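Start from chain A and add chains B, C and D according to the hints.
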Amino acid sequence: MPPVSQTVRVKVLFFGRLKDVVGQSEESLDLHDASTIEQLFALYSQRIPELAKYRSSVVASHNQEFASWDAPLRSGDEVAFLPPVSGG
Amino acid sequence: MPPVSQTVRVKVLFFGRLKDVVGQSEESLDLHDASTIEQLFALYSQRIPELAKYRSSVVASHNQEFASWDAPLRSGDEVAFLPPVSGG
Amino acid sequence: MTPPLTHDDIIELLREPIDPLLLIQHVRAREDGAIVTFDGFVRNQSHNRPTLYLDYEAYESMAVSKMREIAAELHKKYRIHHLAIVHRLGRLEIGETSVFIAVSAPHRAAAFDACRFAIDTLKRTVPIWKKEYFEDGAVWADGELPPAPVATPRAEPAS
Amino acid sequence: MTPPLTHDDIIELLREPIDPLLLIQHVRAREDGAIVTFDGFVRNQSHNRPTLYLDYEAYESMAVSKMREIAAELHKKYRIHHLAIVHRLGRLEIGETSVFIAVSAPHRAAAFDACRFAIDTLKRTVPIWKKEYFEDGAVWADGELPPAPVATPRAEPAS
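Chains as they are written, first to last, in our numbering: chain A, -18 to 69; chain B, -18 to 69; chain C, 2 to 160; chain D, 2 to 160.
Same shape as in the complex, but just chain A (with noise of 0.2 Å):
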């Protein structure tokens, strides 16, 4: 029997500068492949690649926790990209 591929749809969104630069603030998204959260990054990376020198000031949130980037990513999940927080 071949792998069952199955369908994950997440949330994602994008602020500050990050939303400047991918052009969105939010989307719903159908994953086939991406399934941890350094996956959906590099996803959007290859879309627009000037995300990608962003990836070391970027922290992820997955639920609207912080999370690691190794985070597992299920239906219905929200995924936030966030830049330095300058609040105050």
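Simulated from the structure, these hints should not be mistaken for lab results. Each hint should be verified, as a subset may be incorrect.
[Stated by the list, open to error] Derived list of chain D stretches under chain C, where covered just means 3 residues or more per stretch with a C-beta under 8 Å from a C-beta of chain C: (1) 13 to 19; (2) 28 to 35; (3) 39 to 51.
[Said to hold, decoys possible] Computed cross-link-like contacts, EDC-like style, restricted to lysine to aspartate or glutamate with a CA-CA straight-line distance of at most 16 Å: (4) B:K0 / D:E58; (5) D:K132 / B:D1; (6) A:K0 / C:D56; (7) A:K0 / C:E58; (8) C:K132 / A:D1.
[To be verified] One side only, chain C facing chain D, incomplete, derived with CB under 8 Å: (9) R29; (10) R31; (11) T38; (12) F39; (13) D40; (14) F42; (15) R44; (16) N45; (17) R92; (18) E94; (19) I95; (20) G96; (21) R109; (22) F113; (23) I120.
Note that this is a predicted model, so its numbers are computed, not measured. All C-beta atoms, glycine included, are put in the ideal place defined by N, C-alpha and C.
Chains B, C and D in isolation, oriented as in the chain A frame:
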């Protein structure tokens, strides 16, 4: 020639519980023998024996600056006896 | 997870001007003796360039969640009573308050420590961003990268 | 000696209620980014006995002089802008503000440090006394003995 006996007129102030003990907050005093703050306090302690027991918890001011007990007095000086402060 | 609001605290994001007096009245209680407040407002320059105005945006739901976490931690760490932590979003003019924090406590040391911990932690961990507008353009302000876990724990419970 | 008032500070003793908003507005400036305030007010109990009200008295001229010394020291020690230090005298009811301090600064660390130094120093060195009234009588509050010189310098210049 006998030594010149000089009269020194000072203003003396009491605050907080010391004012209650002494029974007044302010008086002008002509000093003949007392010439330091320590001697001035001793003079009041003779008059009001209860005052003596406060000696270790009193700080003196001399012309509105915290002063040492050996400070010499001159005419026109203002001396205050201050219990522990409790502002704020 | 977002901690529930307890202790009658005010924790919020606002798009209107912040009213400090209202927040101070809210945290004031007869059992207390001290209130310390922090008022952060828009400076007229940044790195010696005159600022025109600022624009704040947030990942709103997560920002409120992180602000509530700060509140919960303050109550755990310090002997304080009531708290208000309010951040404004949108366009702010010079002199307008962007963040206001008020802490009441029976004694002043706890109020000072908690208020300072609150603003320091907010600036490091709450997803809010500031864009600075100048005569010749706009830039996103430099900020701090919030600390994040380096690896995901192996066995995650299904949610 | 009483240092002269500089920096447009407000340093005063008051017999009427203190207006915090007025003081905050006074220290607020377009060059700054932070204001820290301390509000000390009358608690409803002291050592677990219900308080009825307080009465504050001061050695007024010396108290103002010491408060100005604190202000001068704050400007020397910290990078702050404007200051307000106000203490109320007379009878104060539960919840009323006895002391209010506001400090503005370009950056928050200086404002926090200066505000805390101000209230800590005020409580140790400014000649003000508090009498606490209870159901069954009144007592002068415990306080701190201000530090004083241990010996007078020998050759005092004639004044």
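Hint check:
1. 13 to 19: Check failed, 0 qualifying residues.
2. 28 to 35: holds (count 6)
3. 39 to 51: Result for this restraint: holds, n = 8.
4. B:K0 / D:E58: Cα-Cα ~11 Å, so holds.
5. D:K132 / B:D1: 12 Å, holds
6. A:K0 / C:D56: Since the Cα atoms of A:K0 and C:D56 sit roughly 15 Å apart, the hinted pair holds (cutoff 16 Å).
7. A:K0 / C:E58: 11 Å, holds
8. C:K132 / A:D1: 12 Å, holds
9. R29: 7 Å, holds
10. R31: Hint on C:R31: holds, closest Cβ of chain D at ~4 Å, below 8 Å.
11. T38: 5 Å, holds
12. F39: 6 Å, holds
13. D40: 4 Å, holds
14. F42: 6 Å, holds
15. R44: With a closest approach of 4 Å, the C:R44 hint holds.
16. N45: 4 Å, holds
17. R92: Hint on C:R92: violated, closest Cβ of chain D at ~17 Å, above 8 Å.
18. E94: Cβ of C:E94 sits 10 Å from chain D, so the hint is violated.
19. I95: 6 Å, holds
20. G96: Because about 6 Å separates C:G96 from the closest Cβ in chain D, which is inside the 8 Å limit, the hint holds.
21. R109: Given a least distance of 6 Å, the restraint on C:R109 holds.
22. F113: This interface hint holds because 5 Å falls under the 8 Å limit.
23. I120: 6 Å, holds
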